[in-house]
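Build the full structure now, drawing on both the sequences and the hints.
These are the residues of each chain, in order.
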Amino acid sequence: MAMLHTVNKSPFERNSLNSCLSKSKEGSTILLIEDAVVGALKGTIVADKLTAAVANKNVCVLGSDLNTRGFTEADIIDGIKIVDYAGFVDLVAEHSNVQSWL
Amino acid sequence: MKFTLLINEGPYQHQASDTAYQFAKAALAKGHEIYRVFFYNDGVNNATRLAIPPQDDRNITENWAALAKEHELDMVVCIAAAQRRGMLDADEAGRQGKDADNIHPAFRISGLGQLVEGGIQADRLLTFGD
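Protein chains in written order, with this note's numbering: chain A, 1 to 102; chain B, 1 to 130.
Simulated from the structure, these hints should not be mistaken for laboratory data. Ideal Cβ placement from N, Cα and C applies to all residues, glycine included. It is possible that part of the hints are untrue.
What the hints assert, rightly or not - Which stretches of chain B does chain A cover? Using the computed rule of at least three CB atoms under 8 Å from a CB of chain A, they are:
hint, stretch
1, 8 to 21
2, 48 to 59
3, 124 to 130
Encoded structure:
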């Protein structure tokens with residue numbers, strides 16, 4: 001089974017999203033939570049990397065953390081899925097293990 | 001499915017304790033089991049019974065305590081991390097000759113072995129923190 005990766009820090013503050021994108025395998029899932037949700041936005045310096053990741057990985061963002069920061073579905077890169085906490089729980093259950101990139 | 005949660009970040013710092021709490025609530029609502037919540041490093045500060053956040057803000061410690069009461073959660077504070085940060089329960093305060101204690105009764109003090117055991121017994125171990 002594939003691995004779930006969670007990232008919780010902004011890519012403009014730390015390198016953890018970059019590390020996650022470069023180390024995670026094809027077919028794995030990346031869930032952006034907390035400040036990392038800004039990594040899902042269109043037009044940023046990391047947007048190309050996220051767009052590339054969407055092609056062979058399942059990229060998700062926690063909707064409440066996105067909305068809390070003033071963003072909506074319209075602001076994020078096409079192909080990134082929005083999940084709620086129940087969806088977060090399902091992702092954890094569906095994957096063999098979880099790696100938290102902090 | 002059984003989950004063990006590891007919280008490494010203090011309350012009101014970023015969002016780790018809040019995320020872990022919301023995750024725990026959602027997992028329990030789906031019928032999963034939270035085998036243990038382990039508070040480590042600055043995460044031990046989530047266990048203070050003396051915090052008084054503004055009334056229009058969430059009370060992280062009381063939220064955890066209420067969830068633990070409702071679902072009989074095992075919430076464990078790492079003893080070494082706690083003692084470094086002046087987090088003591090009544091027994092430890094007595095043993096160390098201190099004149100006060102500050103750990104909420106919903107939490108218990110124990111060692112890192114409880115994290116290892118939590119990781120073994122649970123189907124998934126999730127880390128929240130810095």
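Problem set entry | Hints not upheld, ascending by number | 2
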